[in-house]
Amino acid sequence: MNEAHALPPHFQQPLLPTPFHERARALSQMDSFIPWAGYSTVDVFSTMEQEYFAIRNATTLFDLTPMVKYRIAGPDAARYLNRLVTRDVARLKVNRVSYCVWCNDDGHIIDDGTLFRLGEHEYRLCTAEWQLDWLLGSAIGFDVQIEEVTADIAALAMQGPTSCAVLKSMGLAHIERLRPFEIGFYASAGISLMVSRTGFTGDLGYELWVDPARAGALWDALRIAGRSRGIRPIGSRALNLARIEAGFLSPKVDFVSAESSVRIGTDRSPLELGLEWLVDFDKGHFTGRRALLEQTRRGLKRLLVCLDID
Amino acid sequence: MSHNSIGRDKYDAIIIGGGHNGLVCANYLAKSGRSVLVLEANQQLGGMAITREFAPGFRASAAAHLLNQMPERLVAELDLERHGLRWAAEGLPTVALNGASPPLVLGRGENERTGIDHPGEAQAFAEFNRRMERFASVLNPLLTQTPPRLGTERWTDRLNLLKTGWRIRRLGRRDMRELLRIGGMNVYDLLNEYFQSPLLQGAIGLDAVLGTNLGPRSPGTVMTLLYRLATQFGTGLRGSALPMGGLGALTSSLGAAARHSGAKICTDATVTRVLVRADKACGVRLASGQEVAATTVISSADPKASFIALVGAEHLDAGFVRQVSHLRTQGSAAKLHLALSGLPAFTNLASTAHGSRLLICPSLDYLERAYNHSKYGEFSQAAALEITLPSVHDATLAPRGQHVLSAVVQYAPYRLAGGWASQRGQFIESLIDAIAQYAPAVRSMVLASELLTPEDIEREFRVTGGHWHHEDLALDQFYMVRPVPGAAQYSTPLPGFYLCGAGCHPGGGVMGLAGRNAARQVLSEAASP
Amino acid sequence: MVRGREIPDALIVGAGHNGLVAACYLARAGLRVQVLERNTYIGGAAVSRKLYENFTYSNCSYVCSLLRPEIMRELELPRFGLQIIPYDGGCTMMRDGGHLAVYDNHDAMRRELARHSKRDAEAYDRYTRDVIRQCKFIKPLLLREPPDPTSFKARDIQELLYLGKHFHRLGERRMYDTLRFWTMSAADFLDQYFESEIIKAHMAGSSIIGTALGPRSAGTAYVLLHHYMGDIDDTVGAWGFARGGMGAVTTALAQSLQASGGTIRTDASVEKILVRRGRGTGVVLAGGEEIYAKQILSNMDVRRTFLETIDSAELPPEFVRQVQNFKIRGSSGKLNIALGGLPEFPSIPAGAPCTRGDMHVTDTIEMMERAYDDWKDGVWSRAPYIDMLIPTQIDPTMAPDGKHYMSVFVQYCPYQLASGPWDAAKRKAFGDTVIDTIARHSPNFKQLILHAEVRTPLDIENEVGLTEGNIFQGELTLDQLLFNRPIPGYAQYRTPVRGLYLCGSSTHPGGGVMGAPGANAARALLRDLQAGGGA
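Protein chains in written order, with my numbering: chain A, 1 to 310; chain B, 1 to 529; chain C, 1 to 535.
No wet-lab data here; the hints were simulated from the structure. Accuracy of the hints is not assured; some may be wrong.
[Said to hold, decoys possible] Straight-line Cα separation of at most 27 angstroms, DSS-like style, residue types lysine-lysine; simulated pairs:
hint: 1; chain 1: B; residue 1: K163; chain 2: C; residue 2: K165
hint: 2; chain 1: C; residue 1: K403; chain 2: C; residue 2: K376
hint: 3; chain 1: A; residue 1: K283; chain 2: B; residue 2: K163
hint: 4; chain 1: A; residue 1: K252; chain 2: A; residue 2: K301
hint: 5; chain 1: A; residue 1: K252; chain 2: C; residue 2: K136
hint: 6; chain 1: C; residue 1: K446; chain 2: A; residue 2: K301
hint: 7; chain 1: B; residue 1: K280; chain 2: B; residue 2: K10
hint: 8; chain 1: C; residue 1: K327; chain 2: C; residue 2: K403
hint: 9; chain 1: B; residue 1: K163; chain 2: C; residue 2: K272
hint: 10; chain 1: A; residue 1: K252; chain 2: C; residue 2: K118
hint: 11; chain 1: C; residue 1: K327; chain 2: C; residue 2: K50
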């Protein structure tokens, strides 16, 4: 990327801008940026409340580019992934997405992420934190290639009840037919993009994946198409609020990754976090399975529960 | 024998690999009434403990050439002498060659030692031996036990730890402190505390590093010395012995004993996969495609091969596999075999002493310099050697009047910079030169030679890295963490799958205890599900 | 002054940082304390000296991180003038013109590592996690007296139980990790994380500093950690400069001591420690003056204390033999260089802050190991490992305006050369080896040199009194740690001579400008006094 070439060196500016950075900066009233996985991203554009209400009432744009993306491909990719995560992903069909978590040998959760099956032997794993060390460590004995492709793909989360209508008005044919956790490929105004019906808000929403060179154009097209439907960019704070409401977990907040915990006794298992629906003991072996079975046998000592406060 | 004669379709136990540990394990299981099948990939039974013809009419033990670590008790329990084991020689003295000066002779008894010429050194040596033997006697019982697990609620683990602690404590305050001090030390410093004679230091130092990837200055080499002494402690009066017919005769007798107890042994039967069903090992698949079922599968292969190639990473946790993959499995010892037209004279060595264990290791500095090379993927310019001339005791190994020279060579790296193919001849020449310095006639007597580098050992015996002990004997790969936590008690994370090879406690050397301990573990776990 | 008339409660032999820390704690407990220093200046190996014009050299120890925060606080060192200035970064310059920098900022560090290996950039987090885990395990042990595992005394059993519990609390997996960590070589330890040679080489540096072992020797993983034990709650191994040089540490300690009524006498070389009926009664100074005291603490190393200042007839022969066997090897040299300006390092990008930290030129573990092989053969490393810093970039008080002071620590340099005794020519040749090594990475370096002080292990021994010039007062190997340090059975600061304590780095937890041995020794002595009149 030519743009990146002009950036100050990392020892002067450790965080990278995303392809949406200039546009986001122009709209950011609060000038409030936070670091996320090596990128600088917006925390709040105007007020968290307005941004939150847009998620629930209109449609929103959230810069998802820093989400760490891994391309996992090769003849053993499916076997590899099924041994990695606790859920049965062997049955995940091409162009479908699955939310999953993975554990260390002790059955303690390392991270969660969304797994995209893009082809017979090709997947994409999106996570909030870097996982290459664990992913490559897990690859011993498998014929699989794993590479980080975060910088190669720009991503936007588009969440809110009017998001489908906005996409439709942009000319994404039959977008309304896209089912939850399904992937579709579209073109609009000369931009080809991949859309998945996924998100972290519990509301109707999509995630848009695009070539970084076309990211700015996509942003502009969405803003124009969404003008009449209240589209607005949001920062992480509003998204976080929606995430908590939806009951989704976040590493470093709801649990400490077992791969980075230093203090003894801070690790959590998916069972303790109430994620037993993501654990399939019948699918064959996966990392942490024997420890989780043992935990089931002994009974849980703690459980994370969701509290509704009026 | 080939695998179409496998017999039944299901066994109580299948043992992968017919080396001495696999066979020992098979013996104990068969004696307890289990149906046992041993599958050996090579044509010849015995793993690395075989006798091979390396030149027409000349035979040598492929890897280890002396039997000095197998407990007398094990030989008796399995009645190996009844199954064909004969001794060509027992209680061989060690002779440290000294060129122009008389050699150092270290027999088993105090009055069988000559050549210790520094004042007071004979006494220091006796004192050193007494102390080391005391330590070895404390450590010896650990060899026959399954290492305890830490942090469990199981009373057997705790009791084992307490017992070990108690035995160390019983040494008395002075010796206990000494053991705790020297346990992590290097043998170079220890021997300098006791002795001045470079030759004596070199002779003991070689024992500490033989078959390992360590030099005498490497911390932890006192432990490897104590370990060796502890293993030799149980051999009784036999000491360093030569089985009639080479080490292959030992594994033949183990095979015969196992068959006698009802075990089935198939050679030329390569296992390609351990079969797993419902998270339990349930049999094996052979290269032929044939599958054989079993309640228990026990592997005497090295841990990397056992877990990653045979079981497969998909049946194991990722962290566990990562630890297995980090095992240091690159061998650094080579084996040299020379077919000689006669018996070479060694300078200053009585002709009656030719049958001894002959060492070329004039000093610890010599040994350390030899080690330096192996750190950088080079072979030693001046190697240290443990030499035997087994045909002196055993006429079956060479044509009449001719002889076999067999030498363990420290150090030869697994990965030689530039590759072994182009430098093998050069290394052999340098080794013959090293021997010729002590036995000038040898060069003209060489009829044929063979060098087994770690790379050859890997290929021929299917040992990852060609390591004699399957993986380094070092403090961080010892006892409770050997080969890796989670598999240090012979059982493994995969139910029904066990290890019984040199990669487990108490390690390699032709000792057989890993096989014996594993068999006991299999039986005890079957008894208490 | 307590000369002659009033017998001090405690006499401390040596005004190094540990001697002064011990003195401070004793004085604060109300004892009359006198410190004796043989040099005309205090500080031992933590000194700032003006040896050339207006330059200040930290001419032995040169950076600070290990000083225990508890000691800083309790002895109020900041109030007495100590200021630690942390530095950001460090680097290794490579033979091929590349470099690896280290930055405090996690994101900058990640991107820097990723230039060499994307995988290692992520493995670095696992690496720091494991190092922190081990630090957390060891940290509480630093300020505790190691128990004697052979003893049946209630206190020892209690401490052993504490150790056992502390260990058990880790849980099974971390217990094995810890066992393995303590017995591993730095090279093997790093191999578990990294694939890039340059990254491993940079990280391995601290595993050999001050140690007569190579990075492939088992036990060096611990030495690596020993250097990381600085303020770990914030960042792993945060390092800093003492403003005004390392002498600022001991100057602040001296002022803290004087504020609590203790006295220091310089130019007072203790030739002999007097022992009567198994009890230390005082010392004899060079010149014959005798000073008596109720208790004596020796900040000298264990060899110097027992083999050179005490009549061996007063000691159990077995003990003497063990002291003789205590390994305390000279393996490090030091250059202090006055520079007319800041040297250029072309491999470092302009503006990168990493030249303000520790700079290195050893780019593979093999190079480091070969440097060690030279030492084994009794020659200084032909391609030595160097740890060089230019503190004047951050602390301009140490050199005239626009000029700079460079501290160059060198590993390995033998105490005894195979070619015979050290002399001026050999010292110069050693210095030239180091200067040439640096000059290969800095074209204008040689022209900038105004003055260079070259210190061999022998020089360090002669000046500071450290046997063989060993900076840790004894190798940090497994056989000389915890209850083995310095001598099994005498790891609790007490000695076979009643009333004589060791308080230097020869004792647990060892060297570095940490102060823990001094604090622990003082505590042991005070406990003995409480228990009734001293040991």
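May I ask which of the numbered hints given earlier this structure violates, with the numbers listed in increasing order?
-> 2, 3, 6, 8, 9 and 11
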